[in-house]
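Chains as they are written, first to last, in the working numbering: chain G, 14 to 207; chain H, 1137 to 1501.
To be clear, the hints were calculated from the coordinates, so they are not data collected in a lab.
In this text the structure is predicted, and so the values were computed from the model without any measurement.
Please note: incorrect hints may appear among the correct ones.
[Said to hold, decoys possible] Some chain H residues judged to face chain G by a derived CB distance under 10 Å, without partners named:
id : residue
1  : Phe1173
2  : Ala1279
3  : Lys1281
4  : Ala1330
5  : Gly1334
6  : Lys1336
7  : Ser1338
8  : Pro1378
9  : Lys1396
10 : Gly1397
11 : Leu1435
12 : Glu1436
[To be verified] Heads up, simulated BS3-like pairs for lysine-lysine below, C-alpha to C-alpha not over 30 Å straight-line:
id : chain 1 : residue 1 : chain 2 : residue 2
13 : G       : Lys120    : H       : Lys1364
14 : H       : Lys1359   : G       : Lys125
15 : G       : Lys120    : H       : Lys1324
16 : G       : Lys120    : H       : Lys1336
17 : G       : Lys120    : H       : Lys1459
18 : H       : Lys1364   : G       : Lys82
19 : G       : Lys82     : G       : Lys120
20 : H       : Lys1364   : H       : Lys1459
21 : G       : Lys125    : H       : Lys1459
22 : H       : Lys1340   : G       : Lys120
23 : H       : Lys1340   : H       : Lys1324
24 : G       : Lys125    : H       : Lys1333
25 : H       : Lys1396   : H       : Lys1340
26 : H       : Lys1396   : G       : Lys125
27 : H       : Lys1364   : H       : Lys1281
Beta carbons: idealized from backbone N, C-alpha and C, even for Gly.
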Amino acid sequence: MSELESISVSKCEINFLPGTKDYRGKPMSEGREAAEQSATLTSFRVESSDELNLIVGLLEWPQANPEVKVIDLLAGLEKHNELEQRGRMSITPARDGNWLVVLSVLKYNADKDRFTLHAGHLDQIDEYLGQSFEELLLAVGALRVGTRAEIDEETSRTANQLAVVVTPGDIQTLAVTYTVTRALAVINDFGMDV
Amino acid sequence: MSFVLPVDDNDVTILGIMAAMEISAAKEFSDFLNNQFSTAGQPDWFEEVRHYRKALGAPFTYNSANDLRFVLNEAAQPDSQIWHLIPNMNQMWVNAADNLRKKLNQLHHQQLRPDLNTLFQISSLFQQVTESPGLDVAGWARAVKSRVQAILAGTFEPPQVLDPEPPKPEAVRAIEQEYETAQREFEKRPPWGAKWKGPKPSRKLSVDRNTRDIYDENGTSVKGELGKLGGQVTEIWLRYYPRGGEVWVDEDGATMGYIKGTATMIGWFGAAPDEDADTVRGFVLPREYEFTGVDVIDLESRSMLSKNTKEPVLEHLSLLSEKIPEGAKLNITDYGDLFVPVDEGDPERITRMHKGIWFPGQLPG
């Protein structure tokens, strides 16, 4: 896989920012009570046709699971605030040592009048994305896409969750996954009856 | 003239094909009729028809038989002077000729959006009127139809190296230029619900779907600036922009909002210009409708307007019954301007519809 400086995905443009930084904070996987610690931050910028300018980062913690979270919402519409508040993407180790990301999607919840994470379905994602999400992920570098049973031999109650397996640290596939399931879902008002 | 086929959905090429088809059909028809009449010993037949029509007091604006509108009009008259010469004439031919005349009038008034669906529709009409007298245009129209179907189905692969385009007649170039002017106007102020093409306007406001109010950047309500129009403007914006949020208003009041990431024309801050005028704006949708006296039927799907709108439409239908007769054919443009198609001159707008009171999915937005 070649190192790309930018990737266009539907109405978004992802730019990879060079280098890494130290980041102080609490790992999501350790819960609210976790102690603050240092992570290595690799970041990318997501810009959209509707003025979104968002810095997102991959945090690699020495003693906890990595995660993808918003670092800074630099500009955007009122509705893009949804991205700053919610939509962290957790990463767990796959059985073969690679990284596994469950494909949850930010979806409008009418009862709460805001976006919340819901189980992803490829047909619904393909519809707002305008192309096959699975093909896009594989083209950008994903190792496997499917249910956790299919791609990670999962047998527990999470076996049917849609997920992607990526090479550890594969920022490109992680960025595309984040952009499609979070940014583009909000931009396209996914789940809103409009 | 060589018979050009489309290779993609380029609007100017499509427009050129439609205009060139008209010129070819006109020439072939007049040659065909000249031959027929000459054989019958009537070389001055066109002048004779002109005198006949003028004697009846009918308007006769055609200068030669080389005008397709003349042929289509004369052949469709109950006392047609040329009907007997065209093989296999029937009512279907007359209907197709009538439709084609109206379409060509729209083409010459820059009201026909040159897309593949329109090209298919107009090619079908050309085929229907030119097949029975055995004109070459019929074969061209058939080839255009199959090509359009292949392009729409994604099975047509354009050649790597395109043949150079044959030189175009002056009349075709003129209609292309007029279209480009009309297209620039359209892009400057597109219909409600269509893509916004210009720069982003400077005045930023926001519309709130819960309070149905309009605010400036300080959160102060500015709906009062609109006076009596306040409620109406907010409803139009939210019809096209149901989620609400930031909008940008241009100096003339045209208003843009981002819908699913796309800058979109959502209405006007104030009255829309030409709101009270009776001119028809925009491009005609490639569909036909008929007024039953109480309802509008979409002639393609046979569905009734009264049963297919998101918002109540009965008031508008009763307005139509005051303005147009039962059985009237109707067309609509992407601006929602409803009108009875005419084969000469400019049509008049009957009323303005919007996506909430029209068949779903047909108007933009």
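Each hint, compared with the structure:
no.: 1; hint: Phe1173; result: violated, 58 Å
no.: 2; hint: Ala1279; result: violated, 32 Å
no.: 3; hint: Lys1281; result: violated, 28 Å
no.: 4; hint: Ala1330; result: violated, 16 Å
no.: 5; hint: Gly1334; result: violated, 15 Å
no.: 6; hint: Lys1336; result: holds, 9 Å
no.: 7; hint: Ser1338; result: violated, 14 Å
no.: 8; hint: Pro1378; result: holds, 4 Å
no.: 9; hint: Lys1396; result: holds, 5 Å
no.: 10; hint: Gly1397; result: holds, 4 Å
no.: 11; hint: Leu1435; result: violated, 30 Å
no.: 12; hint: Glu1436; result: violated, 26 Å
no.: 13; hint: Lys120(G) <-> Lys1364(H); result: violated, 38 Å
no.: 14; hint: Lys1359(H) <-> Lys125(G); result: holds, 28 Å
no.: 15; hint: Lys120(G) <-> Lys1324(H); result: violated, 35 Å
no.: 16; hint: Lys120(G) <-> Lys1336(H); result: holds, 29 Å
no.: 17; hint: Lys120(G) <-> Lys1459(H); result: violated, 47 Å
no.: 18; hint: Lys1364(H) <-> Lys82(G); result: violated, 47 Å
no.: 19; hint: Lys82(G) <-> Lys120(G); result: holds, 17 Å
no.: 20; hint: Lys1364(H) <-> Lys1459(H); result: holds, 27 Å
no.: 21; hint: Lys125(G) <-> Lys1459(H); result: violated, 48 Å
no.: 22; hint: Lys1340(H) <-> Lys120(G); result: holds, 27 Å
no.: 23; hint: Lys1340(H) <-> Lys1324(H); result: holds, 19 Å
no.: 24; hint: Lys125(G) <-> Lys1333(H); result: violated, 35 Å
no.: 25; hint: Lys1396(H) <-> Lys1340(H); result: holds, 18 Å
no.: 26; hint: Lys1396(H) <-> Lys125(G); result: holds, 21 Å
no.: 27; hint: Lys1364(H) <-> Lys1281(H); result: violated, 51 Å
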